[in-house]
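> Position chain B relative to chain A; hints supplied.
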Amino acid sequence: MQLAYYPGCTIKVSAREHERAALAILRELGIALREMPEWNCCGVVHTLTGENLIRQMAPLRVLARLRQQGEREAVTLCDMCFNTLARANHLARTQPDQVSALNATSGGGLDYDGAGEVLHLLHLLRDRVGLAAIRKRVRRPLRDLVVYPYYGCKLLRPTGIGLDDPEMPTLLRDLMESLGATVVEGSLQTQCCGAYLAVDRAGLVTERVGATVEQARDAGAGAIVLSCPLCHFNFATLQPHAGAPLPVLYYTQAIGLAFGLDPAELGLDDRQMEALGRAVPSQALHDLAHARGGSA
Amino acid sequence: MTIAIGANGQSGALLRRVEALSGQRLAQCYQCGTCAAGCPFATAMDVLPDRLIRHLLFDMPGVLEREAFWVCVGCELCAQRCPRGIDVPRVMEALRLIALRTRGDQLPVAQITAVALENLPPIALVASLRRQTG
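In order, the protein sequences belong to chains A and B. Just so it is clear: in the first sequence, position 66 is 66 by the working numbering, and no numbers are missing. Just so it is clear: in the second sequence, position 73 is 73 by the working numbering, and no numbers are missing.
Please note: incorrect hints may appear among the correct ones.
As the list claims (entries may be wrong) - Chain A is faced by these chain B residues, among others (derived, beta-carbon under 8 Å):
no.: 1; residue: G23
no.: 2; residue: L26
no.: 3; residue: Y30
no.: 4; residue: P40
no.: 5; residue: F41
no.: 6; residue: Q80
no.: 7; residue: R90
no.: 8; residue: E93
no.: 9; residue: I112
no.: 10; residue: A114
no.: 11; residue: V126
Since the hints were derived computationally from the structure, they do not count as laboratory data. On a predicted model such as this, the values are computed, not experimentally measured, just so you know. Where is the CB? At the ideal position from N, CA and C, for every residue including glycine.
The shape of chain A in the complex, shown without the other chains (with noise of 0.2 Å):
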């Protein structure tokens, strides 16, 4: 299988390793992305105004280039591209007006007809691929390892757009419980991180964080286990913490980890597999920490 991939500007700066990742995972399960020709930034936030329809310009050039590219659908790993995309790919099939004034001040360039979708990474790995593909594909079962799934704003809200019930959640829990792992859960697993409140308020961000993060210790959590590339950025720098942090991973890291891969190649250095192995006693993750290149 081949799909067309929208990277969004995060994933080549920031968020490299989870890029990594998701390409050797979708190696071994078959899959390969390809990367737009051509691509911009998505706009990051959704604008929530009428009057205001010249941010709705950089995601639907976006699409309007997938479509000129001959492309049907797009992959993307990062909610918030993949939310500010649905979200303007709704506007475009509910108000073609809106489509058609934009293009209007743009030589034509915009000219975009709705047909295009825009799939999460997760969409793809759950109703494509399956769970039950994953979980056969499993070598290294992730036994121990207690993992507080975290969700946050952007893959579950608003309804319609978000991949799952947006107070009551079971994707990444199945994911994990497909993996081998343990799952953990609590009620701030869909509450807000503080995003880009990281800028110019990163005391708010620390306070939400902490507040996550404590109640998946008092779970019993060895690791959180998330899908934003923002909420990856907030959790692993602007964590407080007394002794050691909480060990903060990708799913794809976490697939790639139950896959046998190598954590190099999962954008995962010594330092996070040690932080990994403390806080998994077992000796599977041990082994797993050193299996530098094993194949299983």
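Here is chain B on its own, set in the frame of chain A:
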């Protein structure tokens, strides 16, 4: 006791502007406080979302000087839960837009340090600039 409404002397001009921009009818709000109860940033808001709506409805002074709508990141938990179907993040966005157009940028861009620019993910910077500069 007399409750003075229309304190801005603008007979609801801000309310009408917010409703036009957000597409929301604020008179729908019955002040249950569900938005404030679920908001992860309520403790950092100088006025809670349900009260902000009330201030708009009563044309109370000082709404555009509030911090609350800058603290809101649009996580949409309140929109998901509002029993009256009010999309509160759209109300917040409308207030940001009006404030940006009348009072200028909120984010002191020049004060972002080189180290922060180096380390912050692009999505954090772009989102912050989109929401807090005009």
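> Hints first: check each against the structure and report whether it holds.
Evaluated hints:
no. : hint : result
1   : G23  : 6 Å, holds
2   : L26  : 15 Å, violated
3   : Y30  : 21 Å, violated
4   : P40  : 5 Å, holds
5   : F41  : 6 Å, holds
6   : Q80  : 5 Å, holds
7   : R90  : 5 Å, holds
8   : E93  : 4 Å, holds
9   : I112 : 7 Å, holds
10  : A114 : 14 Å, violated
11  : V126 : 4 Å, holds
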